[in-house]
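Chemist: Listed below are the residues making up each chain.
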Amino acid sequence: MSLTILAVDDSRTIREMLGHTLRQAGYQVITAEDGVHGLEVLQTERPDVIVTDINMPRLDGFGFIEAVRAEGASRTTPILVLTTESEPEKKARARAAGATGWIVKPFDPVKLVEAIRRVAA
Amino acid sequence: MTELSLDGRDGSELISFRIGEQEFCVDIMAVREIRGWTPATPVPHSPRFVRGVINLRGAVLPVIDLADRLGLGTAVETARHVIIVVQIGSRIVGLLVDAVCDILSTADHTVQKTPDLAGDHMQNFVKGLIAIDGRMISLIDLGLVLDTHQAEAA
Amino acid sequence: MPMDPMDAIRTTFFIECDELLAQLEEGLMAMEEGSADSETINSVFRAVHSVKGGGGAFGLDPLVRFSHVFETLLDQIRSSQVEPTEAVVATLLRAADMLADHVSAARDGGGVDEARSEQIAAAIMSHTIGGSATGAYEPEPAEIEGIDFKPQMISLDLPAAEPAADFDISALLASAAAEPAGEAVANDEEGGWVVHFAPHASLYAKANDSALVLRELASLGEAVITVNDEALPTLDEMDPAGAYLGWTVRLPGSVPEDDIRDAFAFVDEDCDLEITREGGAQAGPDIAALLAGAADPAPSVDEPVDLLSSLLQGAVEAPAAAPVAVAAPPAPDKPFNLMDLAPHVDELTQSAPSAPAPQQAANAPPAPPPPQTIRVDLDRVDRLINLVGELVINQAMLAQRVMESGAGKATDVNLALTDLELLTRGIQDSVMAIRAQPVKSVFQRMPRLVREVGEATGKRVKLVTEGEGTEVDKTVVEKLSDPITHMIRNAIDHGLETPAEREAAGKSAEGVVRLTAAHRSGRIVIEVSDDGRGVDRVRVKAKAIEKGLITADAQMTDEEIDNLIFAPGFSTAASVSDISGRGVGMDVVKRSVQALGGRITIISTPGQGSRFSLSLPLTLAVLDGMVVTVGDQTLVAPLTTIIESLKPRAGDVRPLGPNNFVLKIRDAFVPLIDTGAALGFGKSKFDPTEGVALLVESEVAGQVALMVDHIQGQRQVVIKSLETNYRPTDGVAAATILGDGRVALILDIDGLVTAHRKAPPRADTLAMTG
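So the protein sequences, as listed, match chains A, B and C.
Each residue of the first sequence is one higher than the last, beginning at 3 in my numbering.
Each residue of the second sequence is one higher than the last, beginning at 111 in my numbering.
Each residue of the third sequence is one higher than the last, beginning at 1386 in my numbering.
Extracted from the complex, chain A is given alone in its bound form (with noise of 0.2 Å):
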């Protein structure tokens, strides 16, 4: 049965870009725009792994992890982080809010499906 990942990007774009890599490589993919959308999507959806932006309005990807860590059914769903640059403290912030790892932007469709594999149960 293969995977499926949550994306949560803003950008329609990034989100397509994620799709069609993930789904290329044999993943189920569903999409969110914000981390609102997130959430409802997750009241209803089981992902396996999280991919998420941190810059997003309504809900940005800080809040969105907290949330999903602090309870309900997904609170031990991996989740990786879209960083654009490898900045250190944005890391270090996703990571304490509970984020499992991360995946810097301009995003490798080898290195995605890797970082997904490394969490993927």
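Take the hints with a grain of salt, since some may be wrong.
Unchecked claim - Lysine to aspartate or glutamate pairs mimicking EDC-like chemistry, simulated, CA-CA at most 16 Å apart:
{"no.": "1", "chain 1": "C", "residue 1": "Lys1825", "chain 2": "C", "residue 2": "Glu1851"}
{"no.": "2", "chain 1": "A", "residue 1": "Lys113", "chain 2": "C", "residue 2": "Asp1647"}
{"no.": "3", "chain 1": "A", "residue 1": "Lys92", "chain 2": "C", "residue 2": "Asp1460"}
{"no.": "4", "chain 1": "C", "residue 1": "Lys1794", "chain 2": "C", "residue 2": "Glu1806"}
{"no.": "5", "chain 1": "B", "residue 1": "Lys237", "chain 2": "B", "residue 2": "Glu143"}
{"no.": "6", "chain 1": "A", "residue 1": "Lys93", "chain 2": "C", "residue 2": "Glu2075"}
{"no.": "7", "chain 1": "C", "residue 1": "Lys1825", "chain 2": "C", "residue 2": "Asp1867"}
{"no.": "8", "chain 1": "C", "residue 1": "Lys2032", "chain 2": "C", "residue 2": "Asp1972"}
{"no.": "9", "chain 1": "A", "residue 1": "Lys93", "chain 2": "C", "residue 2": "Glu1806"}
{"no.": "10", "chain 1": "A", "residue 1": "Lys92", "chain 2": "A", "residue 2": "Asp62"}
{"no.": "11", "chain 1": "A", "residue 1": "Lys93", "chain 2": "C", "residue 2": "Asp1653"}
{"no.": "12", "chain 1": "A", "residue 1": "Lys92", "chain 2": "C", "residue 2": "Glu1654"}
{"no.": "13", "chain 1": "C", "residue 1": "Lys1926", "chain 2": "C", "residue 2": "Glu1944"}
{"no.": "14", "chain 1": "A", "residue 1": "Lys113", "chain 2": "C", "residue 2": "Asp1644"}
{"no.": "15", "chain 1": "C", "residue 1": "Lys1928", "chain 2": "C", "residue 2": "Glu1912"}
{"no.": "16", "chain 1": "B", "residue 1": "Lys223", "chain 2": "B", "residue 2": "Asp251"}
{"no.": "17", "chain 1": "C", "residue 1": "Lys1928", "chain 2": "C", "residue 2": "Asp1867"}
{"no.": "18", "chain 1": "C", "residue 1": "Lys1825", "chain 2": "C", "residue 2": "Asp1764"}
{"no.": "19", "chain 1": "C", "residue 1": "Lys1932", "chain 2": "C", "residue 2": "Asp1972"}
{"no.": "20", "chain 1": "C", "residue 1": "Lys2032", "chain 2": "C", "residue 2": "Asp2072"}
{"no.": "21", "chain 1": "C", "residue 1": "Lys1847", "chain 2": "C", "residue 2": "Glu1806"}
Stated by the list, open to error - Chain A is nowhere near these chain C residues, computed Cβ spacing over 12 Å in every case:
{"no.": "22", "residue": "Asn1427"}
{"no.": "23", "residue": "Gly1440"}
{"no.": "24", "residue": "Glu1456"}
{"no.": "25", "residue": "Arg1479"}
{"no.": "26", "residue": "Asp1594"}
{"no.": "27", "residue": "Glu1601"}
{"no.": "28", "residue": "Leu1769"}
{"no.": "29", "residue": "Arg1833"}
{"no.": "30", "residue": "Glu1895"}
{"no.": "31", "residue": "Arg1905"}
In short, the hints are calculated from the structure, not lab data.
Remember, predicted model here, so these are calculated numbers, not experimental data.
Glycine is no exception: its CB is placed at the ideal position from the N, C-alpha and C atoms.
On the provided structure of chain A, position chains B and C as indicated by the hints.
Modeler: What follows is chains B and C alone, placed relative to chain A:
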């Protein structure tokens, strides 16, 4: 527009039609359809050979009286007249002719150069001649039929 | 439609860029007005951030470099490090324009004005804390790799998404336990790696998994894994979210250290970790360093001290090739099952796909539906609109046929036809609504224009917009940009005074240009007003006389004088300025507006400003028309131009000169035009008393009476271009198809009046020549 090489024998097909006593033809690739005569709506300030515009399934296209255009006199249209709908560049245009005759292949017939007949208006629009069974068929250069400069001169 | 997925995403990217640039512009305008809250500033930041993110994915380096500089300043504003002063916002606005240029260049393959880009980037950096030193964007090597994002990379054989089913950690652990641990590394020439790994509870809290890390290590080479459960408390002491196990993993010395470290990249802050080379003489430099560190009372390394000492102990105890004995193998009588011991076992079960859905999720209300929109290729909508146009024509044809067949009005057929007509109208309205768009997309381009024109003319301008949500058919939206651009240029260039002049006149130095849109009686009205000096009527009139547009003794109302600026060949600027030079004259603007069935006028108050008013139909697809007969032709006059229709009485028609007539309507005389003659297909004799006069409002000659033979009725008609297959024709705006399937021409009132004025026809001799 499809160009025909003058030495012919490239296997293109042609549709031949009649205007008065003369036979003409155009490249079949340019022909969209052939339909019966329907009255055209005259358009102001148009050259005489433009009979007006007709409705072809929602598209408005001009109808050119080919007889008039070639200097063979004005057609007096009857129900037997036909409109050959051709594509010239990006435009769709109807050609009013007396009747459609035949489909020919250039593979079977040689296209000759038009002899130089000084002062003949029609020569401008004919880019070659084909002889079949003693008949002579003139190959029309569609590109010039709607040419505006030619149109003003007509 | 099969399309290269990357091309499709690229298309998405540029569509998104347009939206982001609009969002950026909107936010910056709010900042300029001082009405921005923190979310506005965040959205501005995100817009640039997303442009940069997408640009990076497509390797658009100049775009990425510029947006990086831009983003850096926005980030500092967002975090209140930099105050968004007027000067800063001005720079941000210029940067937004430049970013738009970068996006266009990236999309269309052109270049940008490098010097300008550099200059604006420098201006941004001058406001940025840290300035150019930290502002410059140097992509890291890793990112360059990422930037080089090409479709073929995706088509590479990516690792399949199966969760390494072949890897069974308990089996591996079992084999590790069975095998004498030392042997695996004893033969290794380089000295094997010994990795001590003790997760903290935080590792599991972040949904990382020791088993996955171990799996990762095992994939690097032949791994010998031993578990350390010394810290394991008794069951009643155990915190379910705690972490009690540690592992020692031995790997061949040939495995690169970076690969090992990489396996811990996500977890290295949530565990105790040591990676050392094993074995006496070949002990890695790490050991030596650590030993040296131990001699130092204050180790400077940030490893936890307890780890350090435990390792030291191990190193000291290991003069032989024996493995560092830290981990005890699991007791043989205790069957080892990692899953049983894992502290997060309950969560794992919960998230397993096969587990029954937890009660909470089952009872949760369904997620609120996201805004229901779909993206549709415009071609499809256009096709639909064309088809509905055909339907309208067909319905009219059917109705006409039925009527000709003699069926009575109250027959079932006719009643059904009436329903069909209503349905058809409904479909048409709905379909047109699909293509309706707010004028916002056009309005959004104007702030930039205002800035540029203001800069070029040395005038200070504030743009106020209103009604940008007003919707019109997309075909009309596209046609709005040019006239609005010209009206605004004209307002700033000719209308507004310089700051000094304004202050001298007691006005504020900053001029206001107001751009508004509204629906008014089935049309869209766009107004551009300024608070400038108004039209200089004395100068305009003098100019018009000089150019021979009017006679020196012409009696004109103020409004007529103002509208002279639309007269062909008129230009008020003493010298063609850069601004006017870039555009065309207002006469060309007026003509193009008229060609669309629109009107453009100007009203001005000296010293207080001018107002341009542009009105256009809501759609260019259909038109409400008056169907009339002229000779044997059926023509359509746009209903919006018609003021009234009347039957002239003999006494009201007066000849004027040899060829012209005027019609007396109440107390005014208006020119009478024989429509057939003006179009070149009049009948042999012109007798106004036999026909009907349509009193129309023309732009070129005010009110004019058009003579036609009969009025057939009012009808909505589908507009068909005459130019697509033929050519534009004076006096004819377009064509349509009537119920009988024949083409009817739609009149262009102004074209007709102009044609009539140019060559007044001799009404009694004209015969139809077509």
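Chemist: For each hint, tell me whether it holds in the structure or not.
Modeler: Hints and how they fare:
1. About 10 Å separates the Cα atoms of lysine 1825/C and glutamate 1851/C, which keeps this hinted pair within 16 Å; it holds.
2. Under the criterion of a C-alpha separation no larger than 16 Å, the hint pairing lysine 113/A with aspartate 1647/C is consistent with the structure, at around 12 Å.
3. Between lysine 92/A and aspartate 1460/C, the direct Cα distance comes to roughly 13 Å. Compliance with the 16 Å bound is thereby established for this hinted pair.
4. For the hint linking lysine 1794/C to glutamate 1806/C, the alpha-carbon distance of about 14 Å falls within 16 Å, and the restraint holds.
5. Among the hinted pairs, lysine 237/B with glutamate 143/B is inconsistent with the structure: their alpha-carbon atoms are about 22 Å apart, more than 16 Å.
6. At roughly 87 Å between alpha-carbon atoms, lysine 93/A and glutamate 2075/C are farther apart than 16 Å, so this suggested pair is violated.
7. Pair hint lysine 1825/C plus aspartate 1867/C holds up; C-alpha atoms about 14 Å apart against a cutoff of 16 Å.
8. Between lysine 2032/C and aspartate 1972/C, the direct Cα distance comes to roughly 35 Å. Violation of the 16 Å bound is thereby established for this hinted pair.
9. Using a Cα cut-off of 16 Å, the hinted pair lysine 93/A and glutamate 1806/C is violated, with the two alpha carbons roughly 64 Å apart.
10. The suggested pairing of lysine 92/A with aspartate 62/A holds, with an alpha-carbon distance near 12 Å, which does not exceed 16 Å.
11. With a CA separation close to 13 Å, the supplied pair lysine 93/A and aspartate 1653/C stays within the 16 Å bound.
12. For the proposed pair lysine 92/A and glutamate 1654/C, the alpha carbon gap of about 14 Å is at most 16 Å, so the pair holds.
13. At roughly 12 Å between alpha-carbon atoms, lysine 1926/C and glutamate 1944/C fall within 16 Å of each other, so this suggested pair holds.
14. Simply put, lysine 113/A and aspartate 1644/C have alpha-carbon atoms about 14 Å apart, close enough for the 16 Å limit, and the pair holds.
15. Straight-line distance between C-alpha atoms of lysine 1928/C and glutamate 1912/C comes to about 26 Å, which puts the hinted pair past the 16 Å bound.
16. The suggested pairing of lysine 223/B with aspartate 251/B holds, with an alpha-carbon distance near 12 Å, which does not exceed 16 Å.
17. Between lysine 1928/C and aspartate 1867/C, the direct Cα distance comes to roughly 25 Å. Violation of the 16 Å bound is thereby established for this hinted pair.
18. Proposed proximity of lysine 1825/C and aspartate 1764/C is contradicted: the alpha carbons are some 22 Å apart, above 16 Å.
19. About 14 Å separates the Cα atoms of lysine 1932/C and aspartate 1972/C, which keeps this hinted pair within 16 Å; it holds.
20. A C-alpha spacing of about 12 Å is found between lysine 2032/C and aspartate 2072/C, which places the hinted pair at or below 16 Å, so the restraint holds.
21. Between lysine 1847/C and glutamate 1806/C the CA atoms are separated by roughly 49 Å; this puts the pair beyond 16 Å, and the hint is violated.
22. The non-interface label for asparagine 1427/C is inconsistent with chain A: the shortest C-beta to C-beta separation is roughly 7 Å, within 12 Å.
23. Not every CB of chain A is more than 12 Å from the CB of glycine 1440/C (nearest about 8 Å), against its label as outside the interface.
24. Taking the minimum C-beta to C-beta distance to chain A, about 9 Å, the non-interface status of glutamate 1456/C is violated against the 12 Å cut.
25. Consistency note on arginine 1479/C: stated as away from chain A, and its beta-carbon is indeed over 12 Å from all of that chain's, at 23 Å minimum.
26. Distance to chain A contradicts aspartate 1594/C as a non-interface residue, since its nearest Cβ pair spans about 6 Å, not more than 12 Å.
27. The claim that glutamate 1601/C lies off the interface is violated: its Cβ sits roughly 6 Å from the closest Cβ of chain A, which falls inside the 12 Å cut-off.
28. Residue-level check passed: leucine 1769/C sits 24 Å from the nearest beta carbon of chain A, beyond 12 Å.
29. At roughly 23 Å, the least C-beta separation between arginine 1833/C and chain A is larger than 12 Å, which holds for a residue marked as non-interface.
30. Under the 12 Å C-beta cut-off, the non-interface status given to glutamate 1895/C relative to chain A holds; the minimum distance is some 33 Å.
31. No beta-carbon of chain A is positioned within 12 Å of the beta-carbon of arginine 1905/C; the least distance is around 36 Å.
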